[in-house]
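2 protein chains.
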Amino acid sequence: MSEFDLIKRYFTRPAPGATLGVGDDAALLRIADGMELAVSTDILVSGTHFLPDTDPFLLGHKTLAVNLSDLAAMGADPRWATLALSLPKADEDWLQQFSAGFFALADEHGVELVGGDTTRGPLNLCVAIMGEVPAGKALRRSGARAGDDIWVSGRLGMAALGLAHLQGRVVLPEDTRSACLAALHRPQPRVALGMALRDIAHAAIDISDGLLADLGHILECSQLGAEIQFELIPKAGGEGIDEVLFRQCVLAGGDDYELCFTASAERRGEIEAVAGKLQLPLARIGSICAKQGCMVRAGDGSEIKITESGYDHFK
Amino acid sequence: MSEFDLIKRYFTRPAPGATLGVGDDAALLRIADGMELAVSTDILVSGTHFLPDTDPFLLGHKTLAVNLSDLAAMGADPRWATLALSLPKADEDWLQQFSAGFFALADEHGVELVGGDTTRGPLNLCVAIMGEVPAGKALRRSGARAGDDIWVSGRLGMAALGLAHLQGRVVLPEDTRSACLAALHRPQPRVALGMALRDIAHAAIDISDGLLADLGHILECSQLGAEIQFELIPKAGGEGIDEVLFRQCVLAGGDDYELCFTASAERRGEIEAVAGKLQLPLARIGSICAKQGCMVRAGDGSEIKITESGYDHFK
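These protein sequence lines are chains A and B, in that order.
Just so we're aligned, residue 1197 is where the first sequence starts under this note's numbering, counting upward by one.
Just so we're aligned, residue 1197 is where the second sequence starts under this note's numbering, counting upward by one.
Simulated from the structure, these hints should not be mistaken for laboratory data.
Since the structure is predicted, the reported quantities are computational estimates derived from the model, not experimental observations.
The beta-carbon is built from N, C-alpha and C at its ideal position, and this holds for glycine as well.
Accuracy of the hints is not assured; some may be wrong.
Unchecked claim - Rough simulated footprint, nothing fancy, chain A against chain B, three-plus residues with beta-carbon under 8 Å:
| no. | segment |
| --- | --- |
| 1 | 1250-1262 |
| 2 | 1270-1278 |
| 3 | 1304-1314 |
Construct the entire structure; sequences and hints are all you get.
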């Protein structure tokens, strides 16, 4: 199978939302009046972001999901994506499953694949995702204000616990295990939440590197600090799990792709209404303060110190 | 050096042409009224697209150049790029030179780096390039018409000859060698040419896989054929070079990043004026015909058959 057959067979779909999709030197897109283009890119590398034997359908899902999560954190409406693939070989079965997983999630979110590149090399998946957001309405990291509530969606540390389980660093009870492995393999980008928060939240980020690292970006960009109550963070039950590892996963585990956002206390009712409408748990875990730095308190009020604040590819 | 320091130090530049550049979950861009967004992505993999010991400054140049070439082939005005890097390690000297080469070319073309991703892994460089083109004016592969002249910019086969020289498959004379190695290491994307051809050319493509393969895409998309005169193709002098290898490089050598375009005979004067204005040689090498397929004739009128019509990553 040639490179061009491969693209035609597995990655060429109609793109009615584009002026021109796959098959020319570039795609052509029209941005609606009054909208800004939000664009982000994420690269997934075998051995770094996923195990080489990862189910290709799930990998196709995750490759798009981590990119959609970046648009969710901006409050953008996903529209288009490009996909650049480096593949050791043209394995038709793998390609069929990978593209099925990718397009299943793309269809869920109305995303059209409009371009890409395929080459021979180490397994490596690079997506550029594009969406629209009303001009001036995007959720930035820099908008947090002193006194804001700090909110998170879903449960944190699930993906990290799932990975720890696969790596044999912990043995999870059956019920927890399936939820954690689902979080690791099939993250659900919080696109609808991001869009619903456009006129409510002051700042937002997706939790890809770990809560403390990602909240840290909001604090740095907003030049503020935060205090968090560990007990208030939604998480898996920690029974029978080493406490240090458990706290590490909850506070610094990456790969959750939940949203962390800040909003003034007056908006609590609206945010709870959004949670109900989306049937997505949203929890208030602390607040933004003027004093820089991030303090995490245990139930007894003592400070929780953790060694690593998040994932860094070069530390 | 952490991943975030690395991004700050080497890849964070002011982006006055963007609403929001590097440093949030996504960049925010405004497309001018009446313009369409042209977007394309290309991935460069060590060992497949470049030798592992390639000079990092030149690699930075080429990584952006091959992407700019795709926008040139659409007649688009380059505006923004994202860069996703997979790196075996955070080598500051390498990063400093790579980013210098990347930004030197970006500055030449007014391109702003607005986002990206860095991760540990095999050396692998993925750019998504974005530009603007007046709505409806983009140069597509599908617009060729029977009777059109076929034009190419620059000289073909230079990069392939340079690579053959580095691989010891040919020994080039000094003057040819330097020109061929320059074509291989520092390709010049024909951005100004593409923009100048918006209202003149019927179809265009950049020659990245080889003349016959890329012209073949125009013919396939336009459902037409072509006849080319080998003698009319601008190329390096073939003295002392095996004829089969030489023809292979000229007709099927990839990596040239010149433009191949078609236009009606009435536009010859305008096209020659563009060549003069841009000081870029443009040559008429044949014509589009209704009969499908592509025929290449030697000076004596005989047909030249070549075994491989272009580069394919999976053949």
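Here's how the hints hold up against the structure:
no.: 1; hint: 1250-1262; in the structure: violated (count 0)
no.: 2; hint: 1270-1278; in the structure: holds (count 4)
no.: 3; hint: 1304-1314; in the structure: holds (count 5)
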